[in-house]
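Novice: With chain A's structure known, arrange chain B on it following the hints.
Protein chains: 2
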Amino acid sequence: MGEIHLRPRQIIIIVVIFVVIILFITNTRQNCEFPKYYRSSARKDDLPTIFAITPTYYRPVQKAELTRLSHVVMLVPNVHWIIVEDADHTSSLVTNLLQRAGLVERSTQLSAKTPTQFKLQGKDPNWSKPRGVEQRNAALRWIRENTSKDDRGVVYFMDDDNAYSVELFEEMNKIQAERVGVWPVGLVGGLMVEKPILNNENIVTGFNAAWRPERPFPLDMAGFAISLDLLHKRPEAVFSFEVERGYQESEILRHVTVLKELQPLANLCKEVLVWHTRTEKPKLTEEEKLRKAGKSSFDGIEV
Amino acid sequence: MGEIHLRPRQIIIIVVIFVVIILFITNTRQNCEFPKYYRSSARKDDLPTIFAITPTYYRPVQKAELTRLSHVVMLVPNVHWIIVEDADHTSSLVTNLLQRAGLVERSTQLSAKTPTQFKLQGKDPNWSKPRGVEQRNAALRWIRENTSKDDRGVVYFMDDDNAYSVELFEEMNKIQAERVGVWPVGLVGGLMVEKPILNNENIVTGFNAAWRPERPFPLDMAGFAISLDLLHKRPEAVFSFEVERGYQESEILRHVTVLKELQPLANLCKEVLVWHTRTEKPKLTEEEKLRKAGKSSFDGIEV
Numbered sequence: 001m002g003e004i005h006l007r008p009r010q011i012i013i014i015v016v017i018f019v020v021i022i023l024f025i026t027n028t029r030q031n032c033e034f035p036k037y038y039r040s041s042a043r044k045d046d047l048p049t050i051f052a053i054t055p056t057y058y059r060p061v062q063k064a065e066l067t068r069l070s071h072v073v074m075l076v077p078n079v080h081w082i083i084v085e086d087a088d089h090t091s092s093l094v095t096n097l098l099q100r101a102g103l104v105e106r107s108t109q110l111s112a113k114t115p116t117q118f119k120l121q122g123k124d125p126n127w128s129k130p131r132g133v134e135q136r137n138a139a140l141r142w143i144r145e146n147t148s149k150d151d152r153g154v155v156y157f158m159d160d161d162n163a164y165s166v167e168l169f170e171e172m173n174k175i176q177a178e179r180v181g182v183w184p185v186g187l188v189g190g191l192m193v194e195k196p197i198l199n200n201e202n203i204v205t206g207f208n209a210a211w212r213p214e215r216p217f218p219l220d221m222a223g224f225a226i227s228l229d230l231l232h233k234r235p236e237a238v239f240s241f242e243v244e245r246g247y248q249e250s251e252i253l254r255h256v257t258v259l260k261e262l263q264p265l266a267n268l269c270k271e272v273l274v275w276h277t278r279t280e281k282p283k284l285t286e287e288e289k290l291r292k293a294g295k296s297s298f299d300g301i302e303v
Numbered sequence: 001m002g003e004i005h006l007r008p009r010q011i012i013i014i015v016v017i018f019v020v021i022i023l024f025i026t027n028t029r030q031n032c033e034f035p036k037y038y039r040s041s042a043r044k045d046d047l048p049t050i051f052a053i054t055p056t057y058y059r060p061v062q063k064a065e066l067t068r069l070s071h072v073v074m075l076v077p078n079v080h081w082i083i084v085e086d087a088d089h090t091s092s093l094v095t096n097l098l099q100r101a102g103l104v105e106r107s108t109q110l111s112a113k114t115p116t117q118f119k120l121q122g123k124d125p126n127w128s129k130p131r132g133v134e135q136r137n138a139a140l141r142w143i144r145e146n147t148s149k150d151d152r153g154v155v156y157f158m159d160d161d162n163a164y165s166v167e168l169f170e171e172m173n174k175i176q177a178e179r180v181g182v183w184p185v186g187l188v189g190g191l192m193v194e195k196p197i198l199n200n201e202n203i204v205t206g207f208n209a210a211w212r213p214e215r216p217f218p219l220d221m222a223g224f225a226i227s228l229d230l231l232h233k234r235p236e237a238v239f240s241f242e243v244e245r246g247y248q249e250s251e252i253l254r255h256v257t258v259l260k261e262l263q264p265l266a267n268l269c270k271e272v273l274v275w276h277t278r279t280e281k282p283k284l285t286e287e288e289k290l291r292k293a294g295k296s297s298f299d300g301i302e303v
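First to last, the sequence lines map onto chains A and B.
With the UniProt record's numbering applied, the first sequence has no gaps in its numbers, which climb one by one up to 303 at the end.
With the UniProt record's numbering applied, the second sequence has no gaps in its numbers, which climb one by one up to 303 at the end.
Looking at chain A on its own, in the form it has when it is part of the complex (with noise of 0.2 Å):
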């Protein structure tokens, strides 16, 4: 077999074959099997960074929690976790958790440990005293000295035990500059669903609150994100252990906006796509009988 002898023209026909068959495999390939809505924005560079605060404490449910919890954010490119522990130092079980979800390297591991006088004590009810406050705080610390005013973010709190979409996260993606994107949550206050309320030109007027709808801001934490900058350009918007019950919210938001100035976000707040759920305590009798008797059911398994 001789030499082949090529034209400029065949080269440009082999280059443009070349381009076409990289083209269509850069386009076709897909390794997972990610829902359409969310495919056409899995450009991960094109979007902000939302930052999901999670503050969480040991109990039996724990790692069940967070492992539900993991989903959404593993379905979520654009979310960097931040699990604050309530303990003096962070733990294995959550170190673990990150690691096997493939989440390490957009998550951050904090511990922040409630001041004693400000602890639920044996059957003070959940409500009565003020809970993931250091928590919370100790993550905006941790992303006021991570991140700059000029980066693109947003802030969201994501308790452990409350049921998230992932539409969602596609609606905090919109939230303006400086600015606080708000929506529906269901199943809280005693409501089937808690809202903004809007005028005629989509301005937020109020919410439909029935607890305590003199607050401020009478919404659930999970409820609204705040746009990153903000949290920069207010280094004061915090949490307080000094506010009263159900004031945590209106707390940090008076600092860092106004109630016309908030994004109506979920198809103009006519959509939930989060829920105030709450998790049963199991039942342990017959552990605690093994217990009383020197024995477990879980000697080395982490539960």
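One or more hints might be untrue.
Just so you know, same-sequence chains aren't split out, so a pair can sit in one copy or run between any two.
Claimed, not checked - List of simulated lysine-lysine pairs, DSBU-like, C-alpha gap at most 30 Å:
#1 K270 - K292
#2 K270 - K174
#3 K270 - K289
#4 K119 - K283
#5 K283 - K129
#6 K283 - K295
#7 K270 - K281
#8 K281 - K119
#9 K283 - K270
#10 K129 - K113
#11 K129 - K281
#12 K149 - K113
#13 K289 - K119
#14 K149 - K233
#15 K233 - K260
#16 K233 - K174
#17 K260 - K270
#18 K270 - K295
Please keep in mind that the hints were generated in silico from the structure rather than gathered at the bench.
Specialist: Coordinates of chain B only, in the frame set by chain A:
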């Protein structure tokens, strides 16, 4: 510019470069951040189809529960999700949810109403009547009609309120032909962990159940999955309204296996990958007041 002369060796070099570039593109490109442990087995065609059967019924937390459960299904590409509603007809709530999750092509929506005499009445405690019997049997019927005995598959009963890890489904992929896989379940039967007990040869000899340990198979519905071929071999294996409380698992298993044939999974039953969580019934006192006044917090909104 004249012709370009290429020797055979030069053509081979160009082809090799071309192939290397294509291999590089196809190997490095990742559309989403799946955890690494999962990526290795993400070649869907090599995997059995896991038929996950979820009985469900309308209540305020239903959409919240199914939404967070849909995330683990989205993350595991070889799951086929069979949702069976306790109703005369399938609902648009479930249809919309499957559509938005991008799961239409790998799910089946069924309905099967529990006969009135077996339905929980008013203040019956939720364990007083068997639940999910009619729905799980409808799903088993669908599976037997729509698969053949030579298909590779696994059948799992996935309730809508438990917490499931992605790793659990990796374990199910290991279930051998004509076998039933078993593993520990967290927070069930009054214990932190209810688990199979193995002897020195890693054969299952019993369970550590404290509640009704005399049952033939004293384990939870979340603690086992059945190789598809067994369901074709034993068409009589179904659930029954006629058995005592806590005996549904034993009822189906007695037709398809014996204790010593159970296949221990989850690191020889030393890891907890699924938890029997329960979601609180939300207090909707304010909604009730609105209802009495002829109002609602969720007109036109699906919660």
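Novice: Would you mind marking each hint as holding or not holding in the structure?
Specialist: Hints, verified against the model:
With identical chains, the CA atoms of K270 and K292 are at most 30 Å apart between copies only, with a shortest distance of 23 Å across copies and 52 Å within one. When the C-alpha separation of K270 and K174 is checked against a cutoff of 30 Å, the pair qualifies only within one copy, where the shortest distance is 16 Å, while the shortest distance between copies is 44 Å. For the identical chains of this complex, K270 and K289 are inter-copy neighbours only, at 22 Å across copies versus 50 Å inside a copy, given an alpha-carbon limit of 30 Å. Both within a single protomer and between protomers do K119 and K283 lie at most 30 Å apart by alpha-carbon distance, with minima of 23 Å and 25 Å respectively.
With identical chains, the CA atoms of K283 and K129 are at most 30 Å apart both within one copy (24 Å) and between copies (20 Å). For the homomeric pair K283 and K295, the shortest alpha-carbon distance inside one copy (17 Å) is at most 30 Å, but the shortest distance between copies (37 Å) is not. For a Cα distance limit of 30 Å, the shortest separation of K270 from K281 across copies, 24 Å, qualifies, whereas the shortest one inside one copy, 32 Å, does not. In this assembly of identical chains, the alpha carbons of K281 and K119 lie at most 30 Å apart whether taken from the same copy (19 Å) or from different copies (26 Å).
For the homomeric pair K283 and K270, the shortest alpha-carbon distance between copies (22 Å) is at most 30 Å, but the shortest distance inside one copy (38 Å) is not. With identical chains, the CA atoms of K129 and K113 are at most 30 Å apart within one copy only, with a shortest distance of 14 Å there and 45 Å across copies. In this homomeric assembly, K129 and K281 come within 30 Å of each other (Cα to Cα) both inside a single copy, at 19 Å, and across copies, at 23 Å. For the homomeric pair K149 and K113, the shortest alpha-carbon distance inside one copy (28 Å) is at most 30 Å, but the shortest distance between copies (56 Å) is not.
For the identical chains of this complex, K289 and K119 are intra-copy neighbours only, at 28 Å inside a copy versus 34 Å across copies, given an alpha-carbon limit of 30 Å. Only within a single protomer do K149 and K233 lie at most 30 Å apart by alpha-carbon distance; the minimum there is 8 Å, versus 65 Å between protomers. In this assembly of identical chains, K233 and K260 lie within 30 Å of each other by CA distance solely inside one copy; the values are 19 Å within and 66 Å between copies. For a Cα distance limit of 30 Å, the shortest separation of K233 from K174 inside one copy, 20 Å, qualifies, whereas the shortest one across copies, 54 Å, does not.
With identical chains, the CA atoms of K260 and K270 are at most 30 Å apart within one copy only, with a shortest distance of 18 Å there and 55 Å across copies. Taking identical chains as interchangeable, the C-alpha atoms of K270 and K295 lie at most 30 Å apart only when they sit on different chains, with a minimum of 17 Å there against 52 Å within one chain.
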